[in-house]
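**Student:** Top line first, the protein sequences correspond to chains A and B.
So in my numbering, spot 458 of the first sequence is number 616, and the numbers just go up one at a time.
So in my numbering, spot 169 of the second sequence is number 327, and the numbers just go up one at a time.
Please note that the accuracy of each hint is not assured.
The list treats identical chains as one, so a pair stands whether inside a single copy or across any two.
Here are the simulated DSSO-like cross-link-like pairs (lysine-lysine), alpha carbons at most 30 Å apart as the crow flies [claimed, not checked]:
#1 K649 / K529
#2 K293 / K351
#3 K417 / K567
#4 K628 / K529
#5 K417 / K312
#6 K628 / K567
#7 K293 / K649
#8 K413 / K567
#9 K293 / K312
#10 K413 / K565
#11 K565 / K417
#12 K351 / K567
#13 K628 / K417
#14 K312 / K444
Honestly, the hints are just simulated from the structure, not real lab data.
Protein chains: 2
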Amino acid sequence: MDTVHLSRFIQNFNIFALATLSLLFFFGLSGFKEIKAQAAPDENPNIVLIFMDDLGYGDLGSTGAIDYQTPNLDKMASEGMRFTNFYTVSPICSASRAALLTGTYPNRIGITGALFPDSQIGLNPEEQTIAELLKQQEYATGMVGKWHLGDARKFLPLQHGFDEYFGLPYSNDMWPVNYDGTPATDTTSFHAKMPPLPLIEGNEHVEYIRDQQDQDQLTTRYTQRAVDFIERQQQPFFLYFAHTMPHVPLGVSQKFRGKSDQGLYGDMMMEIDWSVGQVLQALNEKGVADNTLVIFTSDNGPWLNFGDHAGSAGGLREGKQTTWEGGVRVPAILLWPDVIPSGSINNKMAATIDLLPTFASITGAALPENKIDGVDIFHLLQGDNHSQPREHLVFYYNQNDLEAVLKGKWKLVFPHHWRTYEDEPPGENGLSGDRHLVSTEIALYNLRRDPGERYNVFEQNPEVVEELMKLAEEAREDLGDDLSDRKGMNKREPGKL
Amino acid sequence: MDTVHLSRFIQNFNIFALATLSLLFFFGLSGFKEIKAQAAPDENPNIVLIFMDDLGYGDLGSTGAIDYQTPNLDKMASEGMRFTNFYTVSPICSASRAALLTGTYPNRIGITGALFPDSQIGLNPEEQTIAELLKQQEYATGMVGKWHLGDARKFLPLQHGFDEYFGLPYSNDMWPVNYDGTPATDTTSFHAKMPPLPLIEGNEHVEYIRDQQDQDQLTTRYTQRAVDFIERQQQPFFLYFAHTMPHVPLGVSQKFRGKSDQGLYGDMMMEIDWSVGQVLQALNEKGVADNTLVIFTSDNGPWLNFGDHAGSAGGLREGKQTTWEGGVRVPAILLWPDVIPSGSINNKMAATIDLLPTFASITGAALPENKIDGVDIFHLLQGDNHSQPREHLVFYYNQNDLEAVLKGKWKLVFPHHWRTYEDEPPGENGLSGDRHLVSTEIALYNLRRDPGERYNVFEQNPEVVEELMKLAEEAREDLGDDLSDRKGMNKREPGKL
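Could you build all of it, start to finish, from the sequences and the hints given here?
**Tutor:** Structure follows, in structure tokens:
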């Protein structure tokens with residue numbers, strides 16, 4: 159019997175539990191550290207936010223992965239809540255992370271694509287992050303992993319509310335090594351322009367990731383650091399654990415190489431699952447699991463052109479760098495034994511930007527003064543399946559025009575171009591396959607019937623189209639159609655060097 | 159605290175449990191009938207097989223349903239095992255059911271399509287069903303719901319190993335009522351040719367389903383009968399509970415009408431979920447839940463041309479009456495607290511035909527003397543995630559040629575025609591939309607990357623094609639390419655009047 163169910167048991171049968179505890183005392187039994195007092199309802203929970211890089215909707219056991227297993231994540235889902243309609247608001251790294259940490263659509267705050275080493279912009283220090291919000295509630299705040307919101311000192315995590323930081327400042331392929339593992343010598347290539355890839359402790363470059371062996375150790379080292387952070391804290395604490403994996407180049411430690419039936423990608427996923435297990439075990443051993451909210455989700459869909467080194471969108475259309483479902487719908491598993499009903503599924507639409515206001519609601523923190531776009535979904539976590547705090551979402555990619563509006567089961571897609579891997583052989587062994595540019599006419603999809611976005615039902619549903627057109631027009635007024643026209647009235651500047 | 163976890167608890171902490179029971183006795187507390195002895199390991203489990211009609215892969219909370227919830231099924235999954243690659247071997251009613259009950263590919267035993275009232279063939283009495291197999295192990299055997307393997311007396315459940323039977327002999331739209339609910343008067347129509355739809359008790363027509371109100375009561379009445387069967391039995395028992403829903407015309411009792419946000423289909427699914435809850439509760443109240451294997455699955459994918467009255471294949475391609483994934487991949491949830499690890503996902507390929515040999519393995523029953531096609535997956539239920547008892551599956555539809563071979567992540571599809579709803583407005587309010595005939599060239603799909611079967615990768619994978627071609631040729635030799643050529647050497651005759 160695990161802690162979760164034992165604590166429920168005690169909650170439900172107080173007399174029984176009291177009697178049992180007396181009896182245990184009487185018999186002098188030991189080894190029952192699972193039995194502990196429930197956290198007082200007014201005690202703020204610890205929060206652990208595990209954020210993956212390019213993990214696809216279909217990459218977990220619970221969402222249909224094949225040829226490898228994710229038992230720790232499956233168990234986490236069975237003891238917690240899985241959201242089946244959970245979204246990132248941008249299908250690209252930096253924009254997605256800016257949104258996550260600020261609860262705000264990315265182009266409202268000027269981070270719309272992927273930042274590069276020595277970028278001249280970063281997350282504006284004026285924006286309030288989850289870490290800063292929780293600091294006000296006396297949380298200890300730590301971050302492990304990939305930041306990607308500006309690598310200049312003024313943009314790094316310690317300047318955004320984190321007490322400590324250990325990880326990579328940006329993507330692990332932004333280094334002077336080609337995708338085939340050879341040193342990048344062609345000076346015209348993307349990789350040759352990259353500086354050495356630093357590993358940062360606090361604000362300092364303490365090491366460099368120089369080769370595949372270094373990449374292979376990242377998940378292990380991140381995990382050790384995450385567990386160490388948990389062990390050192392006094393409640394309450396916030397840990398933002400942003401894995402570098404499954405972003406290419408894939409890294410896997412020796413203990414997981416060859417363990418799956420799906421090559422390096424499967425091995426890597428098994429190591430990620432192990433890592434989640436290590437975090438949950440650390441929370442259990444510390445005795446804080448019941449009142450810790452653990453969230454597992456991803457920044458965007460799979461980077462499909464990397465073929466066998468990319469994840470799966472599980473039947474959703476396309477992947478990363480597109481606003482089709484495969485790019486923006488992500489797995490989301492939430493565990494919080496004191497609050498979240500075990501084994502529950504929530505099918506209400508929710509998004510990464512909703513986490514900040516939800517954490518505010520849970521902890522009593524004040525919302526940022528700047529306008530945010532997230533909504534409070536605390537009720538959903540408590541098992542409310544009827545209310546629908548979020549009515550719709552809008553999707554932009556990079557500096558493109560508004561690409562899509564999603565409300566309930568309806569998704570209206572505006573004409574736009576995107577890079578597809580269709581009809582191109584996908585890459586193998588870490589190399590990228592080709593992509594080409596394609597475009598769509600305006601289209602409406604019924605995601606109940608057609609989550610794969612195959613069948614355009616625009617003509618048959620004029621009233622739905624009209625309703626979503628109105629939401630799109632509001633979004634354009636509010637957020638603009640791109641960054642260059644600055645039409646949107648409520649946009650803010652990114653941080654600048 | 160539910161029975162499952164309490165029993166685990168007792169298993170793990172025997173002294174604790176004994177002490178607790180003494181204490182309960184001392185205090186004279188009552189209402190703890192959840193506390194009971196574990197079933198002896200050598201005691202055969204009860205088996206409850208819940209079989210849906212046209213339920214799609216995406217119709218459950220755990221597989222992405224929206225606008226309604228299935229909390230009992232979600233809970234069942236979180237306490238049991240969910241298979242993510244579970245298949246029916248035929249995308250049509252009678253063939254699928256013949257396969258389920260005999261563990262045999264449908265065209266090996268001559269039931270390849272949907273039978274109609276007064277059909278001249280039925281499931282051959284020479285074939286051994288799950289019920290007959292379990293009878294040999296002294297199971298009580300009951301069936302509630304839709305049979306569809308011949309409605310003449312010689313084909314009915316009592317002649318196939320069931321002690322008792324209550325339900326419809328075939329589909330609920332095989333009645334003299336049009337899909338719009340009006341009496342069928344056009345004598346050239348399908349419905350006008352139908353006799354009154356009987357409700358059967360044992361071998362007798364005891365009532366007729368005459369109107370929508372009668373259809374609305376089916377789920378309630380079936381459920382009452384299923385619960386009644388459970389309550390009356392001495393262990394061990396086998397209950398085959400074959401719902402008529404979600405087959406059109408949809409029926410929903412008053413207590414669920416208007417309860418979902420997805421119209422009649424959502425209401426109906428909520429009633430089905432309620433029904434599953436009633437069955438699980440009956441098992442709990444009887445004190446046999448821990449050693450009962452409950453299985454929930456479906457006969458084939460959703461009947462998509464019925465639009466808002468059809469389910470969802472959850473992003474898989476097409477639905478019922480096709481061998482695309484949407485027609486043959488079905489949800490499968492298995493609960494057996496004494497054996498199945500709670501909250502586990504199994505992603506190995508398995509199929510409805512594997513249940514018969516698995517039940518034989520579990521109960522020690524002898525396999526049928528006739529050749530069967532199912533394999534024993536008992537190890538998978540016990541939590542083994544490494545072995546792969548089933549290497550491949552072949553798919554036929556009706557009397558067509560072999561349409562597809564599936565091995566691991568690879569699916570080879572042969573040229574064939576099928577009816578699609580694509581580019582046709584789907585039906586509404588119980589009426590069918592149009593369909594039209596389309597065809598495919600030979601194609602290979604990588605279901606890890608592309609479970610939606612969009613991207614033909616035949617040209618890029620000649621070795622895979624060669625391997626699957628060989629399996630196809632073996633299937634053609636063994637099972638034939640259709641019923642008319644009788645090329646397959648190992649086929650048997652259906653039962654005949």
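**Student:** Does each hint fit the structure? Answer for all of them.
**Tutor:** Checked hints:
no., hint, result
1, K649 / K529, "within (10 Å within a copy, 70 Å between copies)"
2, K293 / K351, "neither (38 Å within a copy, 74 Å between copies)"
3, K417 / K567, "between (39 Å within a copy, 18 Å between copies)"
4, K628 / K529, "within (21 Å within a copy, 62 Å between copies)"
5, K417 / K312, "neither (42 Å within a copy, 53 Å between copies)"
6, K628 / K567, "within (17 Å within a copy, 43 Å between copies)"
7, K293 / K649, "within (26 Å within a copy, 72 Å between copies)"
8, K413 / K567, "between (43 Å within a copy, 25 Å between copies)"
9, K293 / K312, "within (18 Å within a copy, 75 Å between copies)"
10, K413 / K565, "between (44 Å within a copy, 29 Å between copies)"
11, K565 / K417, "between (41 Å within a copy, 20 Å between copies)"
12, K351 / K567, "neither (44 Å within a copy, 39 Å between copies)"
13, K628 / K417, "between (51 Å within a copy, 29 Å between copies)"
14, K312 / K444, "neither (34 Å within a copy, 66 Å between copies)"
The earlier numbered hints that this structure contradicts are 2, 5, 12, 14.
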